[in-house]
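Residue numbers (our numbering), protein chains in the order written: chain A, 4 to 259; chain B, 408 to 804; chain C, 105 to 311.
There may be inaccurate statements among the hints.
To be verified - Here are the simulated SDA-like cross-link-like pairs (lysine to any residue), alpha carbons at most 20 Å apart as the crow flies: (1) B/K669 x A/A155; (2) B/K669 x A/D149; (3) B/K669 x A/F44; (4) B/K669 x A/P42.
Unchecked claim - Now the stretches of chain C that chain A is said to cover, found in silico as 3 or more residues with beta-carbon under 8 Å: (5) 229–239; (6) 256–266.
Calculated from the structure, these hints are not laboratory results.
These figures come from a predicted structure and were not determined experimentally.
Backbone N, C-alpha and C fix where the C-beta goes; we use that ideal spot for every residue, glycine too.
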Amino acid sequence: MRVSSLFLAITLALGAAGAAAAAPVGPEMARIPGGRYLPLFARGPGSVRVAPFALDRRPVTRGEYLAFVRTRPGWRRDRVRRAFAGPGYLAGWPAADSAGAARELRLPATGVSWFAAKAYCAWRGKRLPTTDEWEFAALASESARDAARDPAFVARLLALYTSRRPRPVGSTFRNVYGVWDLHGLAWEWTLDFNSLMVSDDSRGTAARDHALYCAAGVIGATDARNYPAFLRYGFRAALEGRTTIDGLGFRCAQDL
Amino acid sequence: MSTLLEQEPIVVRPRRTPPAQPPRQPAPVTPRRPARPAILWAVALVAVLALALGLFGYRRSTAAAAGAKPFAAPIPTRAAEPVRGQEVAQLASPPNVPRPITRTYATKVIVNLEVVEKTMRLADGVEYTFWTFGGSVPGSFIRVREGDQVELHLKNHPGSTMPHNIDLHAVTGPGGGAEASMAVPGQESVFRFTALNPGLYAYHCAFAPASLHVANGMYGLILVQPKEGMPAVDREYYVMQGDFYTKGAHGAPGLQPFDLQKAIDERPDYVVFNGAVGSLTGDHALRAKTGETVRLFVGNGGPNLTSSFHVIGEVFDNVYTEGGTLAQHNVQTTSIPPGGSAIVEFRTETPGKLVLVDHALFRAFSKGTVGLIQVEGGQRAGAFGGHVSTHPYTPGR
Amino acid sequence: MGTHLRRASSALLLALAAACGRSPAPQTVPGVLPARAEASDFSVYELDAPWRDQDGRARTLASLAGRVQVVAMVYTHCTHTCPLIVDDLKRMERALPPADRARAGFVLVSLDPSRDTPERLKEWVANARLDRARWTMLTGGEDGVRELAALLGIRYRREAGEELSHSNAYLVLDRGGRIVYRHDGWAGDLDEPLARIHDAAEASAAE
């Protein structure tokens, strides 16, 4: 068929013309235009610049992760290196090489560690999104690029976060960039999840504790009412590279 | 909408009449006798000295009792007691309290506390997803003895949506233990602390944002019994007040999500004892018999409101205000701030219903801060006379 | 435990570290007690990213096996707490009984691989007067650094400009690379880590 072969030719040409290292951005990804945003914990004045990037429209599913585990058996739960994943790795799966019945394959791939998520994304020629990239994309509602200070949106996110239960991808909402399920389906890994200096007792700003952290500049919360953001950042601060949690999954990103 | 307060007769507290005194007898008069001046002076001097010493002693003892100089109470150094053996703490779910500790030495106490997020009844037809210590709101009551070395195992159920930790106000240490106790879902964390100070202390989750964790019910009480022990009473109960903020108004049915704006504005929809409207009424009323001594361990989880804790039909014989070791007596209403506690003790005198309330009455009438102690048994003579008569009153005749 | 001596020797460095400038936080507090954790059920040496040491030699983390290792993540352009961490580790080195010292090593891993080349590390080791028989400095790739930090529970971030914010911690690894002790903040009391080093040195290097 001429249209499809033309399409293929153009795709290949674009792919070849693109950066040598980057794989072409597939239709399963959305292009997020760059911009500036104010993170919940901002270092110094001014907001953070996020360069344009591509982000998976949906979280990685169990079915997709199963394909990875079958191709890379070193990531099976009965073979994974202990340094890469804690004992809860893929604990929700019925067997080491089975992710459950057909409808369960549409669930987000959770119970995976950061090392595992990273390895999956590398296998796909992608990477994990940075925290800034993820937070930037997550500012968006269905219609606005930045709904973070809209009290109705904040209330909705809070309700989504606290009523989470296992549901297939595509169950929450599609934001203005065409990205689904950033909120309310599963928490998601980021590449630099361990870049935030908060202590486990996050009532104060522990980054001011100079015995524990050498932090350039004081880190304080920029929006005391952004409870969904507090929940996300607090959650990330509790993670380690090997951590696996039933409600923690991931999606991949790519440079543009 | 359920009736929050049963229709009780108006209770009039009888006036205390002082017991009848016998009439005073005039002092006997003895005739004067002349005495030698030297002896008189000596006697006078001795009398003055005795009086002075006596007064001085009296002043010292009362002064010592009152804290001789203002702001001069000693600040003790608390040396760790030697610890013998170990035991697993028997926790209790509200409104019950673990048995009093009778051992006379410090031991290592292992506390196993599970964190589980669960949907439960907040009021009739109303459900809320609570975050709990031990599956209840308030969380399990922990009872230890001054000097105990506590090893707390905090287990976060794998189904939890959030990491959790615990800050016990009894702990002297970073975050009250919060920094040492964080557990992500599916994880158990263990930390140890020494119970240095006796008293009744609140504990709560302090994971960010702590206000939300507390608003969802993550609080409870820990009693550190003084090493001298506590006198036995007939009944001990555990009551903890909390305020809840829901999307729907009070009584709106269904599973209600948390409402952040109302929480920030401190406008709760529910103010309740022990996590739900009616948790201490009807079949769940507390029980006592007349003539029994009752000790209530009362806490306030907040997150926002202070409780004006009062029991209708009772006077608190003892109140250990703020859960500390100083006793106040004959108290009607005691103030319990969020993150605070009080121990109240009284003896029941009459059968009937004693009503626990937050005396900020709109909370009791419209938001659920009502509990009951059902007192059964005989009437103690003279305590309450009861109704005498009712007849017409027509002013101006 | 030699508190006054420690404070005196650190006074000069403290003056330089004014930017992070608080006096060292006491590690032991009267109430909360350290719980003796079990060794981790994994080995840090399972990470296979490539590294180079201060002599430019290619190294893997597994090459550190066989000795008890005290590990910290620092960077040479850090003028704040990194010198204090190193100072604390040197104190530990001096405080070790000779039998334990012979079986222990100290590893400093750079958080700043772009600037911390092997040549830079070599110079730094000499300036800091670190005994090369026992001290290893490693520099790798950004990905390897992120992975090791994630495994050790170290938080770090590159700020605008060239500064790095990072958590202060050191860990003791047994001969097989399992984590047997972790300390956050500056070293206070050394009794616990010295005891763990001793225990790990005595234990056989079982995998």
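Status of the hints after comparison with the structure:
1. B/K669 x A/A155: 13 Å, holds
2. B/K669 x A/D149: Given pair B/K669, A/D149 is violated - Cα atoms ~24 Å apart, limit 20 Å.
3. B/K669 x A/F44: Violated: B/K669 and A/F44 sit about 25 Å apart, past 20 Å.
4. B/K669 x A/P42: 25 Å, violated
5. 229–239: Since three or more residues must qualify, the claim that chain A covers the stretch 229–239 of chain C is violated, with 0 doing so at under 8 Å.
6. 256–266: Per the Cβ count (8), the hint holds.
Hints 2, 3, 4 and 5, counting from the list given before, are not met by this structure.
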